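Chemist: The primary structure of each chain is shown beneath.
Number of protein chains: 2
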Amino acid sequence: MSPLNHQIRLAARPSGRAEASDWELTTEPVPSPGPGEFVVAVAYVSIDPAMRRWIAASPFYSAPVAIGAVMEAGAVGRVATSEHAGFAVGEYVYGGFGVQEFARSDGTGVTKLDASLAPLTAYLGALGIPGLTAYFGLLDVGRASAGETVVVSAAAGGVGSVAGQIAGIKGCRVIGIAGGPEKCRWLVDELGFDSAIDYKAQDVSRVLGELAPDGVEVFFDNVGGEILDAVLSHLARGARVVISGGLSQYDEDQRWGPSNYLELLRTRSSMTGFVTPDYADRYPEAVAELAGWLREGRLVSREQIIEGGVRAFPDALRMLFAGENLGKLILAVSDLT
Amino acid sequence: MSPLNHQIRLAARPSGRAEASDWELTTEPVPSPGPGEFVVAVAYVSIDPAMRRWIAASPFYSAPVAIGAVMEAGAVGRVATSEHAGFAVGEYVYGGFGVQEFARSDGTGVTKLDASLAPLTAYLGALGIPGLTAYFGLLDVGRASAGETVVVSAAAGGVGSVAGQIAGIKGCRVIGIAGGPEKCRWLVDELGFDSAIDYKAQDVSRVLGELAPDGVEVFFDNVGGEILDAVLSHLARGARVVISGGLSQYDEDQRWGPSNYLELLRTRSSMTGFVTPDYADRYPEAVAELAGWLREGRLVSREQIIEGGVRAFPDALRMLFAGENLGKLILAVSDLT
Chain Z
45 MSPLNHQIRL AARPSGRAEA SDWELTTEPV PSPGPGEFVV AVAYVSIDPA
95 MRRWIAASPF YSAPVAIGAV MEAGAVGRVA TSEHAGFAVG EYVYGGFGVQ
145 EFARSDGTGV TKLDASLAPL TAYLGALGIP GLTAYFGLLD VGRASAGETV
195 VVSAAAGGVG SVAGQIAGIK GCRVIGIAGG PEKCRWLVDE LGFDSAIDYK
245 AQDVSRVLGE LAPDGVEVFF DNVGGEILDA VLSHLARGAR VVISGGLSQY
295 DEDQRWGPSN YLELLRTRSS MTGFVTPDYA DRYPEAVAEL AGWLREGRLV
345 SREQIIEGGV RAFPDALRML FAGENLGKLI LAVSDLT
Chain V
45 MSPLNHQIRL AARPSGRAEA SDWELTTEPV PSPGPGEFVV AVAYVSIDPA
95 MRRWIAASPF YSAPVAIGAV MEAGAVGRVA TSEHAGFAVG EYVYGGFGVQ
145 EFARSDGTGV TKLDASLAPL TAYLGALGIP GLTAYFGLLD VGRASAGETV
195 VVSAAAGGVG SVAGQIAGIK GCRVIGIAGG PEKCRWLVDE LGFDSAIDYK
245 AQDVSRVLGE LAPDGVEVFF DNVGGEILDA VLSHLARGAR VVISGGLSQY
295 DEDQRWGPSN YLELLRTRSS MTGFVTPDYA DRYPEAVAEL AGWLREGRLV
345 SREQIIEGGV RAFPDALRML FAGENLGKLI LAVSDLT
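Sequence order for the protein chains is Z and V. Under this note's numbering, the final residue of the first sequence carries the number 381; numbering is consecutive throughout. Under this note's numbering, the final residue of the second sequence carries the number 381; numbering is consecutive throughout.
It should be emphasised that the hints constitute simulated quantities derived from the structure, not laboratory data. Keep in mind that this is a model prediction, so the values were computed, not measured. Heads up, a few of these hints could be off.
Said to hold, decoys possible - To be clear about the criterion: a stretch of chain Z counts as covered by chain V if any three or more of its residues have a C-beta under 8 angstroms from a C-beta of chain V, and this derived list gives those stretches:
#	stretch
1	77-89
2	314-326
To be verified - If you only want the chain V side, here are some residues facing chain Z, beta carbon under 8 angstroms, derived:
#	residue
3	Trp98
4	Ser303
5	Arg312
6	Ser313
7	Ser314
8	Thr316
9	Pro321
10	Tyr323
11	Met363
12	Ala366
13	Asp379
14	Leu380
For every residue, glycine included, the Cβ atom is placed at its ideal position computed from N, Cα and C.
Just need the whole structure built from these sequences, with the hints factored in.
Modeler: This is the structure in structure tokens:
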């Protein structure tokens with residue numbers, strides 16, 4: 045009996061939140077690599093807010109995931125078989141392998157990982173796209189510098205938790221916005237945020253006015269919606285609002301434009317969007333610096349790992365949008381050991 | 045009988061559009077200058093979109109105009125009497141003289157005008173705050189450069205008409221958005237815009253998609269609301285959205301956040317607010333360049349002058365918000381000749 049490859053495919057295009065019935069579990073034989081190809085045994089899959097956009101009818105960066113296609117996902121794994129001169133069996137790799145146990149690849153967009161530097165899961169967290177998004181968004185787009193007040197939304201998530209920690213390392217005063225007392229305590233007690241606002245229990249605008257009476261120089265926003273509006277009303281002059289994501293806006297029927305956007309005019313501020321892969325040339329320098337902070341214990345890469353294999357994917361995605369995760373949400377697919 | 049000073053004062057704070065009943069006409073003796081002061085005979089008063097903000101309950105830049113106070117306004121006039129060593133009788137000046145026939149001043153914020161360079165009214169138009177707003181917004185904030193596609197909203201207004209013409213002078217392709225066929229013809233036939241979209245008759249987003257299939261590099265926005273949303277959906281990569289004003293947003297009960305703001309992320313674009321007086325140090329260079337273009341006939345400063353004195357102020361303001369003006373709207377207060 046040949047080994048099997050379990051996969052999660054998109055069965056229907058959701059209109060609001062994705063439901064279990066929007067996904068289908070399929071089984072195929074494990075693929076064999078053709079010439080110039082290799083096959084990866086997937087260990088961990090990244091559960092990303094952007095996934096909601098990838099399955100939306102209107103493409104955002106690129107074409108949407110087709111009905112019947114394997115769900116796209118960033119993942120880490122190990123080369124299982126290879127007909128590719130550049131990738132040897134046993135090497136650890138990151139790539140867009142999708143929500144499946146085995147993926148065939150010609151190496152496009154695949155990077156090799158140094159498993160001795162950090163646990164494999166860190167390459168989906170602080171050393172992966174979330175960490176790189178935090179790094180370039182905060183430092184390049186937001187130009188955060190010592191002494192400034194930085195606010196981060198979805199601060200207990202994969203990107204926000206790293207963005208806030210980098211701000212602290214750089215000497216900024218850091219305020220995190222997150223949902224629930226557990227997350228807020230974690231931000232302050234474990235990650236060194238100066239303070240945290242529980243948006244589920246507190247009036248964000250009022251508390252922010254107390255915590256930052258002189259205004260906010262950098263807002264690293266992963267959420268949009270009412271939280272963006274609240275922070276816009278507390279900008280310092282010349283503030284930088286970094287649009288890293290819009291977690292609250294990915295369900296297309298819940299669009300909320302920031303009605304306080306004219307605060308940009310009053311405070312002479314800017315709101316700027318960015319896309320992490322535009323910085324691909326500079327990933328090595330960023331990973332080196334992030335890995336250094338990890339090693340020194342100044343940066344915590346927290347991953348919340350969901351067990352259960354690809355079958356657990358629909359529930360993991362639901363958890364993400366329900367805001368139930370602490371740190372980067374990851375799905376464990378196969379045990380490589 | 046001593047000469048009289050007719051004034052328009054704020055009688056009530058409007059909640060939506062300002063009505064005639066929100067204003068009061070008052071009469072006082074013409075003031076006399078104290079030591080270090082002078083009195084200006086006001087010739088022309090600028091009718092500005094920002095006036096709606098100045099009378100709003102929630103201050104924006106500064107405290108709102110108080111109930112019972114003379115309505116604030118930028119104006120040009122001639123020094124009528126003077127006890128100030130720096131301002132001689134007969135000199136032409138610009139300042140925040142308010143909606144009244146005579147204003148006392150200690151010279152704060154007052155600039156002298158060269159009436160030989162251009163008609164006095166041009167100092168409320170292309171050579172005044174509207175022209176300076178267009179100049180710094182387009183060139184400094186928007187960084188418009190030759191070959192780029194520039195879109196201007198409220199393009200037939202005081203600021204927009206100059207912004208579009210400067211973009212043309214700089215070699216950009218210019219698309220104006222205005223209300224009605226007369227304005228649109230004027231933009232293309234008289235001001236040299238490459239094309240114009242009539243937002244009252246046309247679907248802005250659809251037409252913009254046809255006119256600018258490769259996207260918009262600079263959007264100079266005076267309006268906000270649905271027009272901002274429409275243009276956001278046609279940004280080129282790395283576009284600059286310049287928030288010069290939000291004409292549609294000044295009635296506080298009609299707030300509309302740009303629900304397409306996540307396009308900033310997709311296109312790696314920025315949206316930046318600015319305030320013209322921040323550039324005061326550089327006004328002389330800008331006025332010199334604008335005056336040069338005026339003299340060469342490359343820039344048209346069109347002012348629409350409302351007669352009737354201060355009494356006509358409420359109706360002039362209504363015209364502005366109804367979008368009935370072509371070019372900069374100005375109220376003629378006194379004949380200085």
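Chemist: Indicate, hint by hint, whether the structure satisfies it.
Modeler: For each hint, the structure was consulted:
no.: 1; hint: 77-89; verdict: violated (count 0)
no.: 2; hint: 314-326; verdict: holds (count 7)
no.: 3; hint: Trp98; verdict: violated (13 angstroms)
no.: 4; hint: Ser303; verdict: holds (4 angstroms)
no.: 5; hint: Arg312; verdict: holds (6 angstroms)
no.: 6; hint: Ser313; verdict: holds (6 angstroms)
no.: 7; hint: Ser314; verdict: holds (4 angstroms)
no.: 8; hint: Thr316; verdict: holds (4 angstroms)
no.: 9; hint: Pro321; verdict: violated (11 angstroms)
no.: 10; hint: Tyr323; verdict: violated (11 angstroms)
no.: 11; hint: Met363; verdict: violated (23 angstroms)
no.: 12; hint: Ala366; verdict: violated (21 angstroms)
no.: 13; hint: Asp379; verdict: violated (36 angstroms)
no.: 14; hint: Leu380; verdict: violated (35 angstroms)
Violated hints, listed in ascending order, are 1, 3, 9, 10, 11, 12, 13 and 14; each of the other numbered hints is respected by the structure.
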